[in-house]
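What follows is each chain in one-letter form.
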Amino acid sequence: MAEDIGTSPDEVQFRFREDEIVDHGTVTVDACCDQTNATAVRIEPGDDARLLLPFLDRLALVEINFPAFNDGRGYSAARILREAGYTGELRAVGDVGVDQLSHMRRCGFDSFAPDKRLDEEDAARAFATWANVYQRAADARRTIADKRHEA
Amino acid sequence: MYKYDLYDQAMVDARVAEFRDQARRRLEGKLTEDQFKPLRLMNGLYLQLHAYMLRVAIPYGTLDSRQLEMLADIAERYDRGYGHFTTRQNIQYNWIRLEDAADILADLAKVEMHAIQTSGNCIRNISSDHFAGAAADEVVDPRPYAELMRQWSSFHPEFTYLPRKFKIAVIASDKDRAAMRLHDIGVRIVKRANDSGGEVGAQFYAGGGMGRTPMIAPLIRDFVPIEHFITYAEACLRVYNRYGRRDNKYKARIKILVHELGAAEYTRQVEEEFAHLLSVGVEPPREELARIAAHFADPAFIDGPKTVDRSDPDFALWVDRNTHRHKHDAYVSAVISLKPAGGIPGDATAEQMRVVARLAKQYSFDELRVMHTQNLLLPHVRIADLHAVWSALDAAGLAAPNMDTIEDIIACPGLDYCSLANARSIPLAQRISERFAETGRTEVVGELKLKISGCINACGHHHAGHIGILGVDKKGVENYQLSLGGSEAEDVSLAKITGPGFDEDGVIAAVEKVTDVYLASRAEGERFLDTYRRIGMEPFKEALYG
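Protein chains in written order, with full-length UniProt numbering: chain A, 1 to 151; chain B, 1 to 546.
Do not rely on the hints blindly, as some may be mistaken.
[As the list claims (entries may be wrong)] Pairs of lysine to aspartate or glutamate, DMTMM-like flavour, derived with a Cα cap of 25 Å:
no.: 1; chain 1: B; residue 1: Lys251; chain 2: A; residue 2: Asp95
no.: 2; chain 1: B; residue 1: Lys37; chain 2: A; residue 2: Glu121
no.: 3; chain 1: A; residue 1: Lys147; chain 2: B; residue 2: Glu112
no.: 4; chain 1: B; residue 1: Lys513; chain 2: B; residue 2: Asp473
no.: 5; chain 1: B; residue 1: Lys37; chain 2: A; residue 2: Glu120
If you are wondering where the hints come from, they were derived from the structure by calculation, not from laboratory data.
The following block holds chain B by itself, in its conformation from the complex (with noise of 0.2 Å):
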């Protein structure tokens, strides 16, 4: 994975003491709030309902289990013991002390890690597939070209107060594990046949986003080779700095500049500005990539057994579930479900984090992901050795085995912290899976994404669940709607809502009545989400409200 050189370093250092300097001037009263504030942010620092919020930034999901131990050590110094894993392969601390922030982003520092721009109008941190680099399914490993667009968009001077948060997403296979078309600017590097066998280039998606007004990103280039990248990224932001809305902070992301120009009228804009900045230079020197990616060299997989003894059903169910095909066929990617059922979707204690730092460094080459669906990953697990990390993981209440069921549920952090949630997302998450736990229908039921949103702004991705609830404010009582249909993936697409709302025992029976319908309906092989497209709404609001 990347490593920081003297550079990277000194632009991290360079930051910390800029937020202590800022800090300082706020608590000399030379900066007010109102000017703190995008400061604070742009280090991400917020403010929620009881205390401060810290983001941590986890570039493309990627980390090393020194690393994981600092984010524990941090939960256990500066927080309650635990920390939350979000949709953008983040960690966020829930109750900071503005007094401490400054020492926290000095530790991050001290093992390659900060919290730069992970909030504030500004290019956020760059997301990416958890399962880069070990993939059997990927063109290329996409990491080189996100930790490129790291560098780009760390302190970028030209676009640093865009008319509003601005998030990318790079992939590298046809699957989509990030929502990539669900960014401001999504990102698919591929390969095209020439003569010399292949080559790279970019594919580029933009104005796509949840939130209140939930837009799919059309393609704007189906190829920008790969020397002009970052040249293409810059123009697709400058023409968005220049005419992205700032008169209504509802209509500021680019996907309404995106929707309102039209795709052909932006692409075309986009384009103008491209050529003039070919013109100008601004792409990095070639061998950086070339640098970068060196970085990113796999690691020495060795060939060992393919198959695992099958003898106990927990472990097979978990193996079954929780394991992805590896390039190496001697290995898997692991996932390390936050979800056990009951619990806080996306939340680990400092032990538990301690616990996957150690697996990692014995059993992945010392590497870690952060997955988009809150869940964590040990990338290159040896076959052989899929056991022992079960047990281990077992043993810290680590290995539910339930990615992508309906007990692997996305959900914001609502009102039990948020000070923009109208309900809370959390209680209804915990009960969720715990039903359907103590049911036995997870199993049955298979893949089924569920996303809670505790507000319209969606960061619980209830657009884009195969099941999304979305939580209102009804004269002062919780209320939930329900909607169907919505993916995230490379079928991406977005849910309708079923009708009227619920309450929040209602809309738990509504989840399972849903269900019912699908077990009834569906056809050999078919997910709940191939059934719903297959049958449509009626079957379904006919249970709900017929």
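Okay, chain A solo, but in the shape it has when bound (with noise of 0.2 Å):
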């Protein structure tokens, strides 16, 4: 069983779920493609997050690991398994901050376990930052475009 390198549950922040929250070792990206029990993965910055595609029906719980908060390359995973149709936790870990919590929860992330606690009244402004988005992306919101044209 290979070592679990995963947030624990009482270390998530936000979480915009109803489910039981999953406390399973969490492997990393490598280790879940050889292991065929894993339910819970961790995604580093230069992994692929395809190479998970195979096995979503079998994760409960994917963290993906900001080390610093300007590397963005997590958005795009978490879009990817999203658009993929993975239904379970996505967790946004390390270096999450107040003003990337609106666009992580457009990307599809539903649960927030950063390095430092934040503010919970800045947090729940940053959530409700826009009443409108302009793009389509994975958390289905009607875009603008959409409100514009309805019949």
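Make the complex out of the two chains shown on their own, each in a separate frame, by following the hints.
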């Protein structure tokens, strides 16, 4: 069994899911691909999220690590998983700040375990930054253009 | 031109509120300077040598008189009474206080303007052909496509922390007046024949850029059907976001990725992502482009005289130099030079901005453009009104008849403002334009695009100059390298260095010598660039170093 490299449930500060939080051993992408029973995995910035696509059915938790907030690869990884139909928990971990929350949410993250706990009020405001959005993304929000042209 | 609806206005207002909140958290110590920096940068706020600089977006270079008047007011209220127009059709203010920044953004929002994504490692302001909607040679007006991209790229959730900044230009003519192939992505809107008389699509070029490693973008797709325009752009960006280098900021632009993978492999990856994204469905509804395009309908042009009275030679020269053929034959586009001999390229005072705003309202259907050459433009002027326009410009010191001449210099702010610069650019530009104006050589030499950068980041486009000058620091002394043969236009090419550099006086003399060689060698009708391409570097080297 590979070493558990993941965050624990009590490190999760924000969660937008109703289901029971999983507390399984979290493994690397490589280990996940080799190991048929892993249900939780952590993606590092250089990992190819698409390697996980064959295993999405058995995954209940995917952590995407942001060692530095300004490395944006994790945003693409998140959308790729959601576009492939992944419905399990998608947790942003690491250097996650207030100002990244709204975009992360749009890319499909539904759980957040920042290294440093965030001010609750600032975070609540950040999640609500955009009453409307221009782009289609992983959150299925209707875009401004959709609203402009609805019948 | 495009007008915000309630949605667009709410997005910009939300951004102002968000920035106020960020500034508050910075002041309360909840954000470190390292955390705040990318946030202020995404609102166009840089820390320069002496003060903060604020760069305001002018999407695809189009604005109206009300907006230019606001820019003038901001120059007076928060800066030192002037602003600086940039090579990406924006304006920047060089003497801003951090405490005022949120208020300035709020003032801008009142006139449908903002500073969103004018800096930072995100998709920057979309630039375009300054003659868009007016040029006789365009296939369609490129601005609706640029506006569609503006909305798509504003606050894009996936592409806010790219490896590096990302610049896009959209044109729609065989003529390239936007340095399209020197952008991270260059788009040319084209039409191809079909049964119903022509289908619109987009050519995509990727991986161009200047900076320390200049590259001309290769064509990666010669026709993307317009109903897939945004999807294709999204695919290009996703491949870059995932695989662009992040280990070295000097190798992080998309040009390095395209170069290292090879254009064919980059294209293959984009096509794969594109096919996938088509199945996801990220394209805005088809009607959105039509809605935007309706904002860019032609104004009500009326017939009129097609020629001017040339009895005043100063006016006639200005007409010859500074006007451009319009799609309606009773109109021209009139270039307002921000390059008076001895002046600072691209600077305009608040008073000058107000003069231009008034002229736009009176004579150009309330429309204005910022040119990538750091000039302003009245896109639709009746030929019958040209003399009145010229007289007003002349009175305001804005009628220099020098478009595309050696006085029409592009120069970066250089060591006078910029913390990255190695050498001054502005004083050099001032001395060269003054010298050529004094000797009367400007008109004799004709079209000659001179571009000056104060460091290898190449903000002054020296790689793309017919003559390029690059300022370097040589053991603590400013030194200038000369290069020849670049072009940012449809005949795009990168300039080559002549040889060892010069001091400030030396490089001015060198520019004159180079024009001597041209004048002695030119064949009938040849521009400087044509002669250089025909005779090569040797005769110029001989004159400079022989």
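- Does the structure break any of the earlier hints, and which numbers would those be? none
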